[in-house]
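**Student:** Combine both chains into one complex, guided by the hints.
Here the protein sequences line up with chains P and S, keeping their order. The numbering of the first sequence is the numbering used here, which starts it at 1 and goes up by one. The numbering of the second sequence is the numbering used here, which starts it at 477 and goes up by one.
Calculated directly from the structure, the hints in this document are not laboratory data. Among the clues, some could well be false.
Chain S is nowhere near these chain P residues, computed Cβ spacing over 12 Å in every case [to be verified]:
#1 N60
#2 F107
#3 V137
#4 R297
#5 P385
#6 I418
#7 I427
#8 Y431
#9 S450
#10 T451
When the alpha-carbon atoms are kept at most 20 Å apart in a straight line, the in silico SDA-like pairs for lysine to any residue are as follows [unchecked claim]:
#11 P:K318 / S:R664
#12 S:K634 / P:M415
#13 S:K742 / S:K634
Beta carbons: idealized from backbone N, C-alpha and C, even for Gly.
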Amino acid sequence: MLSIILLSVSGLANLFLGFLRSNRLILPVVLLVLLAVLAVNVAGIDTNALAGWNQSPYFNGMLTFDRYAQVFTAVMALTALLLLPFSQKYVQEGNPNLAEFYSLLLFSLVGAIMMVSYNNVLILFLGIETLSIAMYVLAGSDKGNLRSNEAALKYFLMGSFATGILLFGIALLYGATGTFDLAQMGVKARALPLADAAMAPMLYIGILLMLIGIGFKISAAPFHFWTPDVYEGAPTVFTGFMSTIVKTAGIAGFFKLLMIAFGGDTTGFWLPTLTAMLVLTLLIGNVGAVAQQNAKRMLAYSSISHAGYLLLALVSLKSGALSANAIFFYSLAYSIATVAAFAVLKLVLDQRGRDDYEGLNGLAKTNPLLALAMTVSMLSLAGIPLTGGFFGKFYLFSAAAEQGYIGLVIFAVVMSAIGIYYYLRPIMAMYMRPAVEGAEEPVAVTSLQSTVLIVLIGLTLLLGLVPGIVEGVLNA
Amino acid sequence: MLTALLLIWPVAAALLLHFVRGNAARALAFGASLVELALAVFVAIQFQTGSQPQFEINQPWLQSAGINFHIGIDGLSLLMVLLTAFLVPLILLASFRHDYENPSVFYALVLFMQTGLIGVFVAMDAFVFYFFWEVALIPIYFLAGVWGGERRVQVTLKFFIYTVVGSLLMLAGFVYLYYMTGANGGARSSDLAAFYNLTLSTQEQSWVFLLIFAAFAIKMPLFPLHSWQPDTYSEAPAPATMLLSGIMLKMGIYGTLRWLMPIVPKGMSVHIPWIMVLAVIGIIYGALIAIRQRDMKRLIAFSSLSHVGLMIAGMFSLTAVGLQGTVIQMLAHGVNVVGMFFIADIIERRTGTRQIPELGGLTRATPLLSVTFLVILLGTVALPLTNGFVGEFLLLMGVYQFNPWLGAVAGLTIIFGAVYLLRMFQRVMLGPDSSFSSVIRDLTGSELAVLVPLILMVFWIGLFPGTFMHISEPAIQKLLVLINR
Numbered sequence: 001m002l003s004i005i006l007l008s009v010s011g012l013a014n015l016f017l018g019f020l021r022s023n024r025l026i027l028p029v030v031l032l033v034l035l036a037v038l039a040v041n042v043a044g045i046d047t048n049a050l051a052g053w054n055q056s057p058y059f060n061g062m063l064t065f066d067r068y069a070q071v072f073t074a075v076m077a078l079t080a081l082l083l084l085p086f087s088q089k090y091v092q093e094g095n096p097n098l099a100e101f102y103s104l105l106l107f108s109l110v111g112a113i114m115m116v117s118y119n120n121v122l123i124l125f126l127g128i129e130t131l132s133i134a135m136y137v138l139a140g141s142d143k144g145n146l147r148s149n150e151a152a153l154k155y156f157l158m159g160s161f162a163t164g165i166l167l168f169g170i171a172l173l174y175g176a177t178g179t180f181d182l183a184q185m186g187v188k189a190r191a192l193p194l195a196d197a198a199m200a201p202m203l204y205i206g207i208l209l210m211l212i213g214i215g216f217k218i219s220a221a222p223f224h225f226w227t228p229d230v231y232e233g234a235p236t237v238f239t240g241f242m243s244t245i246v247k248t249a250g251i252a253g254f255f256k257l258l259m260i261a262f263g264g265d266t267t268g269f270w271l272p273t274l275t276a277m278l279v280l281t282l283l284i285g286n287v288g289a290v291a292q293q294n295a296k297r298m299l300a301y302s303s304i305s306h307a308g309y310l311l312l313a314l315v316s317l318k319s320g321a322l323s324a325n326a327i328f329f330y331s332l333a334y335s336i337a338t339v340a341a342f343a344v345l346k347l348v349l350d351q352r353g354r355d356d357y358e359g360l361n362g363l364a365k366t367n368p369l370l371a372l373a374m375t376v377s378m379l380s381l382a383g384i385p386l387t388g389g390f391f392g393k394f395y396l397f398s399a400a401a402e403q404g405y406i407g408l409v410i411f412a413v414v415m416s417a418i419g420i421y422y423y424l425r426p427i428m429a430m431y432m433r434p435a436v437e438g439a440e441e442p443v444a445v446t447s448l449q450s451t452v453l454i455v456l457i458g459l460t461l462l463l464g465l466v467p468g469i470v471e472g473v474l475n476a
Numbered sequence: 477m478l479t480a481l482l483l484i485w486p487v488a489a490a491l492l493l494h495f496v497r498g499n500a501a502r503a504l505a506f507g508a509s510l511v512e513l514a515l516a517v518f519v520a521i522q523f524q525t526g527s528q529p530q531f532e533i534n535q536p537w538l539q540s541a542g543i544n545f546h547i548g549i550d551g552l553s554l555l556m557v558l559l560t561a562f563l564v565p566l567i568l569l570a571s572f573r574h575d576y577e578n579p580s581v582f583y584a585l586v587l588f589m590q591t592g593l594i595g596v597f598v599a600m601d602a603f604v605f606y607f608f609w610e611v612a613l614i615p616i617y618f619l620a621g622v623w624g625g626e627r628r629v630q631v632t633l634k635f636f637i638y639t640v641v642g643s644l645l646m647l648a649g650f651v652y653l654y655y656m657t658g659a660n661g662g663a664r665s666s667d668l669a670a671f672y673n674l675t676l677s678t679q680e681q682s683w684v685f686l687l688i689f690a691a692f693a694i695k696m697p698l699f700p701l702h703s704w705q706p707d708t709y710s711e712a713p714a715p716a717t718m719l720l721s722g723i724m725l726k727m728g729i730y731g732t733l734r735w736l737m738p739i740v741p742k743g744m745s746v747h748i749p750w751i752m753v754l755a756v757i758g759i760i761y762g763a764l765i766a767i768r769q770r771d772m773k774r775l776i777a778f779s780s781l782s783h784v785g786l787m788i789a790g791m792f793s794l795t796a797v798g799l800q801g802t803v804i805q806m807l808a809h810g811v812n813v814v815g816m817f818f819i820a821d822i823i824e825r826r827t828g829t830r831q832i833p834e835l836g837g838l839t840r841a842t843p844l845l846s847v848t849f850l851v852i853l854l855g856t857v858a859l860p861l862t863n864g865f866v867g868e869f870l871l872l873m874g875v876y877q878f879n880p881w882l883g884a885v886a887g888l889t890i891i892f893g894a895v896y897l898l899r900m901f902q903r904v905m906l907g908p909d910s911s912f913s914s915v916i917r918d919l920t921g922s923e924l925a926v927l928v929p930l931i932l933m934v935f936w937i938g939l940f941p942g943t944f945m946h947i948s949e950p951a952i953q954k955l956l957v958l959i960n961r
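Next comes chain S alone, as it looks inside the complex (with noise of 0.2 Å):
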């Protein structure tokens, strides 16, 4: 019951919100998420450390077919609903300085968003998961589209193409893997279980990876699959750009460790080593181009690319340390992107502009933000004792592993970072003064809300994440398990 009402609140508050005008939707949207915050929390401390999904839902949807609307939660699941749950409050407290047009349907569409995401996070089949998939893009397409920056029109549609491509190739997949499950005269069933005991050749395995992951891949993305990203994050309102790289992007990850790796690990045993080069090209490339970006959410982005790009390698190296990795990167990421760009995003708004060149100098008036913005940005960086650390650490560990030349090249990430953020911050906040150093104003009471908690986690993360692999460890273990089989 729980899972479905953390799936129904956000929609449920959504609708009311058609109700309400102007500020009041946002402080509805606001507490709407908190309550919803309050719940994930709650069946977090429900929540038996187990590698079995809890707080099971699983009710005939197209009966005659097969198809159970089941949905659950397990250690995997439940980091990522938390994940959610905690980001979507900061995000819409974030966009409180904003004044968007029709609020009552922009926020409407965050929540909408949010039980999109929880929806892919906790289906425990393959088409309700590739249900939410596609809803939780609806609202995002128009979120980054009708408040997005001037060139929004091209860009969505871009991005929308793209993804939904790649979903209908993921469709597919699992349609076919659907009906393998009668291959031998059984009924039929696109339950998670009933994929994982499959029992497929090692050349279908592999193209239903290659349908599968095309989708996962444009989501993560994979270099490269990349070149919507940067566009769709600069052109889409801050707090859609925080919602796609905060969580949008671990849907990706996460479906790769759910709906891939057990079901056809076969299969993705031979294309480990394309798509670890890839991984690591992608690495590279992102921080290279990060290094000559002038406008600070394109740096961001590339910034992401290059760090996601660590977290597929890790992740494909199907080990231990490489598999909890991803997952502490994945909660961490979120947290570090999202502060990210709401420090952009800040910037921005005060100086009315984001280019690199034309600031610098801020921090003589802004002692808050200069703190707030160099924590956040030495955890993207992997300072020790920032969360970064921990998942960035385990990951190269992982892929040391795997190999140890792809360890080295891909442990590049972490001093290219350094190069790339660190130079950021020094021509942002310190350097020669420029035409904002005096007038810009330190942070507001709402915006340190929201850093805050992001800083906080920061160190929770860094300091204790023995918190969360607690969580997950069962659920790598049983997909470590599957892999093996």
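Bound-form chain P, shown alone (with noise of 0.2 Å):
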């Protein structure tokens, strides 16, 4: 609670910064208000016990700050800490309406945590909603660019049909077990198939209903069709901060629902469903990146792979703590990597105004430092040992691989193969090709920026060289 409190206070607060004339301090503050959030989690200050006017959880237990909603908060926390020194070019231009984009990142991180921490399924839905409702401004927030209007349009049109599918699934769910609490629908949803066969398609449509407006938000196949043109539209640190921290809210919470509320004997029901929806988006996910020429699509087309290697943990939901690790561990891995990827992405398109592979060409020779996050972070995607992607999926395989989903274990490993391919070709425009005519000048880099993404690098491969140091925490 008291991350929201912080990050809700502050995004208001910095919504009267905006008034002042220096737009300088906003970032430092922002900087500063997620460093104290990342803090209060990791240290597990944020627990229910400072609800000390009412012992329960948080309105009538409607949301609950345990271990789990702590150690995801912190993810996002943290990737939202290293995200943002990349969006420094809004603030050297003066741009005007610079408060209000941070603040409404600031929300969608309220929303974010609320997905994560929420045991009651309006919360869930909220949290959605205040996410998406920020994404949507911020996708379209280059408000000059044509591009960035249409992402931002096909976002929020195909977002809005998500969530009212979402919504009757919620509704149909409340009609068959007659409550919004995790905890109790879970109990009623085990119980109705048997006890009322009249109620039960109803529980059964909500469910789904619900998967689709989940998968949607998370990118999984097939509502995935928004995602590629929206991340090549959208203004390249919000297209980072969609990629990593909606996907790792989107999943955790995506988990909780289906561990609590749709466990056990429904688990039938949906599986299947959920599994058609694995393999499909690790299939175009991965092979729609090798077909991509723009970096920037590439790496829509490979979060939609992610989406579906996570699905992996939510398929073999009954390894309990080891999926829920590995969705852990896995997010953070991944989000690492994909922030220093956005970030270098970023620096060389306001350079050099290009986000194909060929703008990267011979970036190792003017920016030795950008090629190495790249490379490092490709490598950690593409889960070769050294950096933590290849334990992230090593933890994923083994949650699958110990319900005995085999098959299932062996096409992703074999999708992996395939996405070493894509994730090779920056590194080979980076290293292996000279840079194009007019583009041999070193992109500009703050020093803020390369202290950033030394950290980048550092966190990947210390999550691949000691990925003990994380291990456990979600027990605890």
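**Tutor:** Laid out in structure tokens, this is it:
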């Protein structure tokens, strides 16, 4: 709760900072707030015990800040903290809407936190909406750019439909079980198919509609069609935000929903659907990424494929703590790697004005640090050892193997083999091809950004060399 | 502790290289690799003959999953570590004549690669092994891809994808074994010893064998998985080619000896017949193609394919002589192929070509080069008294014990080897004079410094193979016990 309060208050305060003449104060303030949120969650201060005025969890148990919520909040705060230094271009240009952007980012983070700490399906819905509405605006924040406008419109239209479907699902579930509370819904849902056969279809349709709604948010196939266009059109920093924080929140919330409300006997009903989604997502994500010529679109498809890998943990729900741990580790490693990739792309795009592979040509000569960060990030996304991505995949695959999904694991392994091809392409461009004409100048990087890039490289390697350091944080 | 030092030292030196520029970088790298060699020799002196791994370190890595960072050195590992530590300084020295762009990065990658290679040879846990297996791949990818020839980008992409697909299959095999260690309710473990204790059905073993062997067969390479090899060898810069052919190729053979034969012996026996046939096909195929090559580097690459075929065949004969022969031949081949590629590089640098028909009559102006070339070449041809003879003789005995007919066909490797190698020598060094015959310079001091140790090793292994066989003997005996259990 402390995180939500901190972020909301600073988000509001930020709006007023916008009235000041100087915009330079805003980013440091935002970074400090994120650092505070990270510290609060890592230290585990933000527990239910803070709700002294009421010994039960917040709002009659609608929100709970258990270890699960804290850990994922920490992952998202860390991601935002590492991503935002790359939004500096807006500061320098004296953008009049700067304060609004940061406020919206903070608000969407509040939504993301609600999505991992909810105990009540209504809060989940509120969280998704708080997150999404902010993202619709941010996707279109580059107002002069046609593609940015297109991205915002597409994202908004398709997103509203998905929200409607989600809400419809929640309504049906309420009708079938008579409660919004996650735990009670689970008890009712388990008993319903036997107790009242006439009501059971309502429950089933409700679950299906929720799968679709959340599937859209995490860009799982076949609800992924918005992803490449929106990712490409939106300003790169917000694309990075979408593919890391939104995905982490979506998957973590999804896992909680399935685990508590639809675990047990109802699993047999939705599992085939989810498995089909997984297979399709992996296939479309990886095969789609191969065909791309634009690095940002490639990352969009790659983010679809990573949603597919993460779905492995949901399908193997019965592994319980193992699955939760796998999601945590994978989201962390994936977020760090993705932030680095988008950060480099953003810097290159600002200077060279292009975000296709050729724009990266010769980067190793002009900016060794950027090239190294991109390389480590790509290797991590591809799941090569030495990087965190390897152990992320290892955890996910073992969670699935634990439940006997050998076929799925083999399929996922084959898909990661395809992944290696397209993750190598930026590396080849940066190291093995000379810069295109007119792009021989080094890309400008501030010292803060360099530091953050070094931190990103370090974290990825750290997770790859000593994955034990974050072992068991979910169990404490 | 010593084992960890062997692993950490090259990386530490590689990181230090970041702070130096230009020629200082290669001097520092060379110095660091000499220290590594001294360390390896020290380990060899401290080593007590026996089948148990020594200098072990066993620390939890992923505690909850039962994965430990377990490294140690037994006789087999020791020989491979010595080979790596012996060759890397020579390879670095051999590259002194080249002016590579960004030398500090170049040499850092070579040292980084050394850590990966040594890690593969000392790993005692499947995930540690897999980890270093991939770690060794990344630097060589950049070495070949950034500093290579014209077609480097496509060639290295092919090489990378080939190897990574293989290693993913291997990983799948390891994960399966890892799950099976917990099959009867116990804790899971990916330790080598735990894998040795597994009792799997022949059917399961057969599948696991195929998965893991895929990675090794690509690395060796076994015909018909070799198509990345000649391209990569000829496009990569000389030091990378030497690393690939001299050491990295041995990863596949070493892996088979350590991680395949003792773990899934029953599953392996199902597949031995066709592997033997493929290996022998590889011998003949490599030799026939080598005869027709005009490019020296490609000729050596195909000759290597042919010789590796014999190593594979001898290894899978599963006889004591065949396995000992494999170990000795791994050392001998490492020494010889590095020497051959270095000489090809010397000639190419002086004449600007490595096309055999354009060369000829070089010997008059270069007595030293001719002699060293001939010695290393005869080692490769397996003339008695040289290192190649000991290894190939044992290997052929092994294959002969397995099947006399296959042994007879495999014996052709020596005859063919003599044909294409001596022909190459004749056309490059002897023969009618070419435009280079009078202007070519003889060996310089630093080149001699590379070739003399190699030649000493040719004779050492050839005359006193017992020194090395003695080290690996207990490990081979243990291996045979595990295979025949």
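**Student:** None of the hints should be skipped; say for each whether it holds.
**Tutor:** Structure-based check of each hint:
no.	hint	result
1	N60	holds, 36 Å
2	F107	holds, 37 Å
3	V137	holds, 41 Å
4	R297	holds, 20 Å
5	P385	violated, 4 Å
6	I418	violated, 9 Å
7	I427	violated, 8 Å
8	Y431	violated, 5 Å
9	S450	holds, 15 Å
10	T451	holds, 17 Å
11	P:K318 / S:R664	holds, 19 Å
12	S:K634 / P:M415	holds, 17 Å
13	S:K742 / S:K634	violated, 33 Å
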